[in-house]
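Following the hints, position chain B against chain A.
So you can see what is in the structure, the chains are spelled out below.
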Amino acid sequence: AQKVTQAQTEISVVEKEDVTLDCVYETRDTTYYLFWYKQPPSGELVFLIRRNSFDEQNEISGRYSWNFQKSTSSFNFTITASQVVDSAVYFCALSEAQMAGTASKLTFGTGTRLQVTL
Amino acid sequence: DSGVTQTPKHLITATGQRVTLRCSPRSGDLSVYWYQQSLDQGLQFLIQYYNGEERAKGNILERFSAQQFPDLHSELNLSSLELGDSALYFCASSVTNRGYTFGSGTRLTVV
Numbered sequence: 001a002q003k004v005t006q007a008q009t010e011i012s013v014v015e016k017e018d019v020t021l022d023c024v025y026e027t028r029d030t031t032y033y034l035f036w037y038k039q040p041p042s043g044e045l046v047f048l049i050r051r052n053s054f055d056e057q058n059e060i061s062g063r064y065s066w067n068f069q070k071s072t073s074s075f076n077f078t079i080t081a082s083q084v085v086d087s088a089v090y091f092c093a094l095s096e097a098q099m100a101g102t103a104s105k106l107t108f109g110t111g112t113r114l115q116v117t118l
Numbered sequence: 001d002s003g004v005t006q007t008p009k010h011l012i013t014a015t016g017q018r019v020t021l022r023c024s025p026r027s028g029d030l031s032v033y034w035y036q037q038s039l040d041q042g043l044q045f046l047i048q049y050y051n052g053e054e055r056a057k058g059n060i061l062e063r064f065s066a067q068q069f070p071d072l073h074s075e076l077n078l079s080s081l082e083l084g085d086s087a088l089y090f091c092a093s094s095v096t097n098r099g100y101t102f103g104s105g106t107r108l109t110v111v
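Protein sequences appear in the order of chains A and B.
Here the first sequence stands for residues 1 to 118, where the numbers follow the working numbering.
Here the second sequence stands for residues 1 to 111, where the numbers follow the working numbering.
Just chain A, same shape as in the assembly (with noise of 0.2 Å):
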C-alpha cells in the first residue's frame, strides 16, 4: 500500500529565511507521481508540482525548489527567502501508476503547517 509521510506537523520561521518541508512516501509500484500542493487559509488546494519516477532532475521555479531522491525515497520541497504570503498547509501527495487510462487516486501526507512571521 502506497503512504506519506510528512513528519513536519507545523514550522515557523521568519521571513526571508530558507525552510525545507520534507516528503517521505511508501510505494511498491515502479511507476508513480509526487505532488506538492498548498492550502491557504482561504481552503482551496493549489497545485505546486508534479513529477514521475523516472524524473530525479532537481526543479526550480522562483523562490521553491524541490529534491526528488529515489534512494532515499523522498521528495523535499524547499522555499527560499520566505515571504508571509507563503503561510499555509503544505501537502506532499503521491499517485500510483495509470489503470487503464485514468489516473490512480491521490495519498495525501497529513501536511505540514508554515507560519511565516515579520
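Hints are computed from structural coordinates only; laboratory data are not their basis.
Just so it is clear, the structure is predicted and the values come from calculations on it, not from any experiment.
The beta-carbon is built from N, C-alpha and C at its ideal position, and this holds for glycine as well.
Mixed in with the good hints, there may be bad ones.
What the hints assert, rightly or not - List of simulated lysine-lysine pairs, BS3-like, C-alpha gap at most 25 Å: (1) A:LYS3 to A:LYS38; (2) A:LYS16 to A:LYS38; (3) B:LYS9 to A:LYS38; (4) A:LYS70 to A:LYS3; (5) B:LYS57 to A:LYS3; (6) A:LYS38 to A:LYS70.
What the hints assert, rightly or not - Over the 12 Å line for every Cβ pair with chain B, so calculated as not near, a few chain A residues: (7) ILE11; (8) VAL19; (9) VAL24; (10) GLY62; (11) ILE79; (12) ASP86.
For chain B alone, kept in the frame of chain A given last:
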C-alpha cells in the same frame, strides 16, 4: 477558477439529516475523485468515478454514496449525518496522472 465547480460552498445541517454535494469536473476530464478533509483524519480519499462508473473506493462510510452522471458531473450523498462528518469535502478531476484539478470544496457543518 480551477475549472472544477463544487456546490454548495457551505452547508450547515442537523444530525440525522441527508445532504447532497455536487461537483462539475473540468471540461474534458472523465475522472472525478472525492476527498474528505477533517481535522483528525487529514485528506482522505473517498471514491473515484471514471466516465460514469465507479473505479476505486477508499474509506467511504456505508452512509455515504456517490454517482457520476452522463454529463460527467458527480454527486456525493451523505446520509444519517453525525457530528463527526463535519469536514471539508473536495472534488477533483483529471484526465491522466498529469495533474488533478481540485474544486474549492464544500464545508459541511453538522450541528
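To see whether the hints hold, each was checked on the structure:
1. Using a Cα cut-off of 25 Å, the hinted pair LYS3 (chain A) and LYS38 (chain A) holds, with the two alpha carbons roughly 19 Å apart.
2. Annotation: proposed proximity of LYS16 (chain A) to LYS38 (chain A) holds, straight-line Cα distance about 19 Å (limit 25 Å).
3. With a CA separation close to 19 Å, the supplied pair LYS9 (chain B) and LYS38 (chain A) stays within the 25 Å bound.
4. Taken as a hint, the LYS70 (chain A) and LYS3 (chain A) pair is honoured in the structure, with Cα atoms around 15 Å apart against an allowance of 25 Å.
5. Our distance criterion of 25 Å between C-alpha atoms is met by LYS57 (chain B) and LYS3 (chain A), whose separation comes to about 16 Å.
6. Pair hint LYS38 (chain A) plus LYS70 (chain A) holds up; C-alpha atoms about 23 Å apart against a cutoff of 25 Å.
7. With a cut of 12 Å on Cβ distances, ILE11 (chain A) stays outside the contact zone with chain B, its closest approach being about 17 Å.
8. Annotated as non-interface, VAL19 (chain A) keeps its C-beta farther than 12 Å from every C-beta of chain B; the closest such distance is 21 Å.
9. For VAL24 (chain A), the condition that its CB be more than 12 Å from all CB atoms of chain B holds, with the nearest at approximately 16 Å.
10. With a least CB separation of 19 Å from chain B, GLY62 (chain A) remains clear of the 12 Å interface cut-off, as annotated.
11. With a least beta-carbon separation of about 21 Å from chain B, ILE79 (chain A) lies farther than 12 Å from that chain, consistent with its non-interface assignment.
12. The beta carbon of ASP86 (chain A) is kept farther than 12 Å from every beta carbon of chain B, the shortest such distance being approximately 19 Å.
Comparing the model with each numbered hint stated earlier shows that all of them hold.
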